[in-house]
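First to last, the sequence lines map onto chains V and R.
Quick note on numbering: the first sequence equals residues 1 to 274 in our numbering.
Quick note on numbering: the second sequence equals residues 1 to 326 in our numbering.
Treat the hints as calculated values from the structure; they're not laboratory data.
Small disclaimer: the values here were computed from a predicted structure and weren't measured.
Treat the hints with care, as some may be off.
[As the list claims (entries may be wrong)] Okay, the calculated bits of chain R under chain V, using three or more residues with CB under 8 Å as the criterion:
| id | stretch |
| --- | --- |
| 1 | 84-93 |
| 2 | 99-106 |
| 3 | 113-121 |
For glycine and all other residues, C-beta sits at the position ideal for the given N, C-alpha and C.
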Amino acid sequence: MTDSWVVMNLRAIKGRAYPRVIGSTREPSWVFFEVALPLLTVAAYAYIYKFMNAPAEFVGYVILGGAMTAFWLNILWAMASQFYWEKEIGNLSLFLMAPISRMSILAGMAVGGLLATTLRATTTIVIGTVVFAITLNLSDPAMLVVVFFLTMVSLYGMGMMFASLYLLFGREAYHMSNLMSEPVYLVSGFYFPVKALGAFVAAGASVIPITLGLDALRQLFYPSTSGKDGFLPVEIEALVLAGLCVFFLILSKYCLDYMEMLGKRTGRLTLRWQ
Amino acid sequence: MKAAAVETKSLTRVFHPKKKKEGKSVTALENVDLRIDRGELFGLLGPNGAGKTTLLKILSTLLLQTSGKAYVAGFDVETQYHEIRKRINMVSGGEISGYGLLTVKENLWMFTQFYGIKSSVALQRIDELLVRFGLLDKKDEKVRTLSTGQRQKMNVIRGFATDPEIIFLDEPTLGLDVNASRTIRDYILEWVREGENKTVLLTTHYMAEADQLCGRIAIIDDGRILACDTPENLKKLVRTSTTLKLDTTFLNNKQVLNSVKGVEKFTYTDDAERNMTSLRFVLDDEAAVSDIVSEIVANGARILGLRKTEPTLEDVFIKLVGKGFE
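Kindly generate the complete structure, drawing on both the sequences and the hints.
Next up, the structure:
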């Protein structure tokens, strides 16, 4: 009996997610590079806030931001640039030739990346809270789950879109990822409440899902300062994130179809070094 | 009646440069007409750049033709590619696909998942193929630790593990040692013989491989099909001719041989290290041999060896194209 199209694609998602999940156990060096090293940046900001006698929750903001850094790096280096590298090693042709939706390949990359990165982010939060003895006062666990889910779906949707767009840049994709690291840390408020940049910049930065996601998570972990440091009410941020989910998923499908058609016309997706 | 495995009609593919200053357009395929029936092991023989890989990419739905039509399993590559993809797979020589941190078995399993194959079925099939290719002891080793030959065997298993109706093999034994090549060739033959209506389209520039494996061969050069027939019938094209191999000390002026009466075509390779030249002739008159020898001696070279040979596909190629493969 032939399996349904949905079952086929679920298998494809599982297949593509597998290397990402298993990779975490095969290469334990990630603990050093993706947890220990980012923690140094987190520590630097935490000590600055302590030295300035900033309110205690600011250290918590930094740790949450540090944890979200792992997701942003995963988007840039393991989602956006991924199709380019898959092309270089010949996997992309095999993906494109398979009888499944290309979105399943991207979804598999996203699910695998999300699972592996959640482990890394959680490790950062656990170590950070222990080392800096911070207290998180979670007020609404259900909302936290909703916000985290919406943030991740929209964020990885954006990564899926980038994956196709980066193919246009070829080897220059490297520079794109570098370009989008530090500036995004700044405008998305990874180490301080984004509200500090003013409503105009914060609203502009909200196109990057991590901006509103991080702001909402901070408000949920520190409800007492929500009104003072939060950019928008959590419910509004969740609503915007839901909109971004739909927007990026549709756009990623469009970009993927466009790139595939362009690749079939020009040969660029199946010829190396193009 | 089932449709042909592959059919092309005036298939043409032109590659245009990204920018005008990057050069001229290249015609990779020109009016290719081809029909491959179900159950055939069909060879596409041609030198590098002949258009073999371009044709395979069009048939495997990775590239669009510029004009003409191509059908795989009766489906149009341009509009019905979803149907085609369920029925095909492709393996290329020198492929480095997969992920180095996965084991051989994990890698193969992963690729079967893109075809929606149930894990239990996939794993059983993979185990059988690993045994067949002598790779079972490597199944739990990471792919990055494999030798070139082992890796290519894994790639070939990847292609067959999805149980395709039609498989495209693009130089599958490229750069492999004798044993690894033989294992792959034996399996390809077995798969076509034992499978019901299983079809292989094999591209190669190894003449002996095409001769040994293929029921029919198309000779392609500069994007055009020059001849298409069984190896035996192709060799008949040069059976009325005499084929000759000649080794000499380094021969400076080869072009004089063009003027020898009775020489239809010839190719040569120089071996600077050993200071010698190897020539291969297709003659339409055997009497030309003495004139050839005289010309060579007159040009200051010595004859090291001379033998008449049975016609091979290489001779066919030389006759059709007027040059050798390398």
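Do the hints match the structure? See the list:
1. 84-93: Our answer is that it holds, as 6 residues pass the Cβ test (under 8 Å) against chain V, meeting three.
2. 99-106: The restraint on the stretch 99-106 of chain R holds, since 4 of its residues have a Cβ under 8 Å from chain V and three suffice.
3. 113-121: Holds: 7 residues of the stretch 113-121 of chain R have a Cβ under 8 Å from chain V.
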